[in-house]
Each structure stands twice: as C-alpha cells, then as structure tokens.
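Kindly produce the complete structure, drawing on both the sequences and the hints.
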Amino acid sequence: NAGVMQNPRHLVRRRGQEARLRCSPMKGHSHVYWYRQLPEEGLKFMVYLQKENIIDESGMPKERFSAEFPKEGPSILRIQQVVRGDSAAYFCASSPRTGLNTEAFFGQGTRLTVV
Amino acid sequence: AQSVTQLGSHVSVSEGALVLLRCNYSSSVPPYLFWYVQYPNQGLQLLLKYTSAATLVKGINGFEAEFKKSETSFHLTKPSAHMSDAAEYFCAVMADDKIIFGKGTRLHILP
Chain G
1 NAGVMQNPRH LVRRRGQEAR LRCSPMKGHS HVYWYRQLPE EGLKFMVYLQ
51 KENIIDESGM PKERFSAEFP KEGPSILRIQ QVVRGDSAAY FCASSPRTGL
101 NTEAFFGQGT RLTVV
Chain F
1 AQSVTQLGSH VSVSEGALVL LRCNYSSSVP PYLFWYVQYP NQGLQLLLKY
51 TSAATLVKGI NGFEAEFKKS ETSFHLTKPS AHMSDAAEYF CAVMADDKII
101 FGKGTRLHIL P
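In order, the protein sequence lines correspond to chains G and F. For the first sequence, the positions run 1 to 115 when the working numbering is used. For the second sequence, the positions run 1 to 111 when the working numbering is used.
Honestly, the hints are just simulated from the structure, not real lab data. There may be inaccurate statements among the hints.
Pairs of lysine-lysine residues, derived as DSSO-like cross-links and limited to a Cα-Cα distance of at most 30 Å, are as follows [as the list claims (entries may be wrong)]:
1) K27(G) <-> K58(F)
2) K51(G) <-> K71(G)
3) K44(G) <-> K49(F)
Next comes the structure, spelled out in structure tokens:
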C-alpha cells in the first residue's frame with residue numbers, strides 16, 4: 001500500500017504563473033488535508049476536503065488559492081498568479097475517516113519556489 | 001480555540017542524554033494530542049498520540065509523552081538520545097476535525 005504521494009517534489013514558478021500541486025491519498029482514504037510550512041512557522045492548516053466536497057477552508061487565503069478533490073483522481077491545490085511570498089513547502093495528508101481517533105498520514109511535500 | 005505551544009525552537013542534547021521537548025496545550029474540552037517528527041526534506045511521521053486512554057503514551061523509536069491535565073502539558077521524552085534523533089518535532093492537537101500544529105522544535109544531537 002503506497003503512502004500519500006505528492007508531485008512534483010520541487011516546483012519552480014515565475015511570479016504571475018500558476019502552480020498546481022497534486023496529492024494522491026493512500027488507498028481507501030477519502031479525507032485530504034493541505035498544510036503550508038514556512039521556516040520557523042510550523043505547519044499551517046489550509047483546507048480539508050472529502051471527495052467532491054470542501055469541508056473546511058478556513059486556512060485558505062481568500063484570493064488566488066483553490067483546492068479540489070474530485071471523485072476520480074488526485075486532490076489539487078492551485079495557486080494562481082504566484083508571488084514570492086507563496087514560496088513554501090506544501091504538505092498533503094490523508095485519513096480514512098474523520099474523528100478523534102484517526103491518524104493522518106503525510107506525503108513528502110511539494111517545495112514551491114517562486115522566482 | 002484549541003492550540004499548542006512548544007517551548008524552545010531549538011534544543012541541543014548530548015548523545016546518550018535525556019531528551020525533553022516541551023509542549024503545552026490550550027483546550028476547553030479534553031484534548032487529543034499528537035507528536036510528529038520531520039526529518040530533513042521529508043514529510044511528517046506520527047510518533048505517538050494521546051486519546052485519553054492512558055496518561056503515559058509510548059511511541060516509536062523509544063519516545064514517550066505524559067499527559068498532565070494539571071499542568072496542561074504533553075512533554076515528549078526519550079531516556080537516551082541517538083544521533084538519528086536529530087530532526088524537527090511537532091506537537092499538535094485535534095481541533096474541529098483538523099490537526100493544529102505547534103511551531104516545532106528542532107532537536108540537535110551533540111556527539
């Protein structure tokens with residue numbers, strides 16, 4: 001059973017371009033979380049999705065950022081018109097269900113660099 | 001709102017010495033708490049979790065943590081540090097079906 005797969009591992013974009021980050025959850029997992037990590041800041045929650053539904057997007061910036069988790073295929077985090085401040089590591093986690101006794105499994109992250 | 005605070009962004013210990021990483025939580029309800037470890041350029045790996053079954057929780061790689069309600073703490077310990085323990089450690093709390101992380105503590109092991 002493969003773990004959570006994120007691609008690409010490294011992504012370089014020029015200011016103003018779009019960045020698309022992909023996350024394939026573990027087999028059988030229908031819950032996906034996205035986090036952003038900046039140096040010395042820890043991981044900041046961005047969005048929580050289930051198949052075809054956004055459950056909690058309280059951590060998403062209001063503009064330029066969007067996320068989806070379609071019925072088929074990976075979850076996508078999309079950043080439009082990237083700026084230097086978007087440079088960070090973005091981590092995806094998946095779990096088989098929600099609830100207090102659920103473990104979330106993390107991918108290895110996508111490191112976005114905006115030049 | 002539930003949150004965790006990690007005391008000390010960097011901790012250095014000698015190989016073979018006790019490891020103590022501090023975490024305090026804030027929660028209006030019984031918390032569910034976690035410790036994760038992140039090795040360089042890797043994702044996060046769960047070390048252990050507290051779900052109210054027992055106050056002393058044993059995890060992987062010889063780590064354990066004790067939940068102390070009176071001190072609102074969930075400190076991570078390991079009796080004897082190994083060089084391979086050098087990593088960043090995150091305390092976290094479950095809040096509204098999502099995990100909220102502390103800012104992390106980078107553990108350095110001195111030879």
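These are the hints, each one checked on the structure:
{"no.": "1", "hint": "K27(G) <-> K58(F)", "verdict": "holds (27 Å)"}
{"no.": "2", "hint": "K51(G) <-> K71(G)", "verdict": "holds (6 Å)"}
{"no.": "3", "hint": "K44(G) <-> K49(F)", "verdict": "holds (19 Å)"}
Checked against the numbered hints given earlier, the structure satisfies every one of them.
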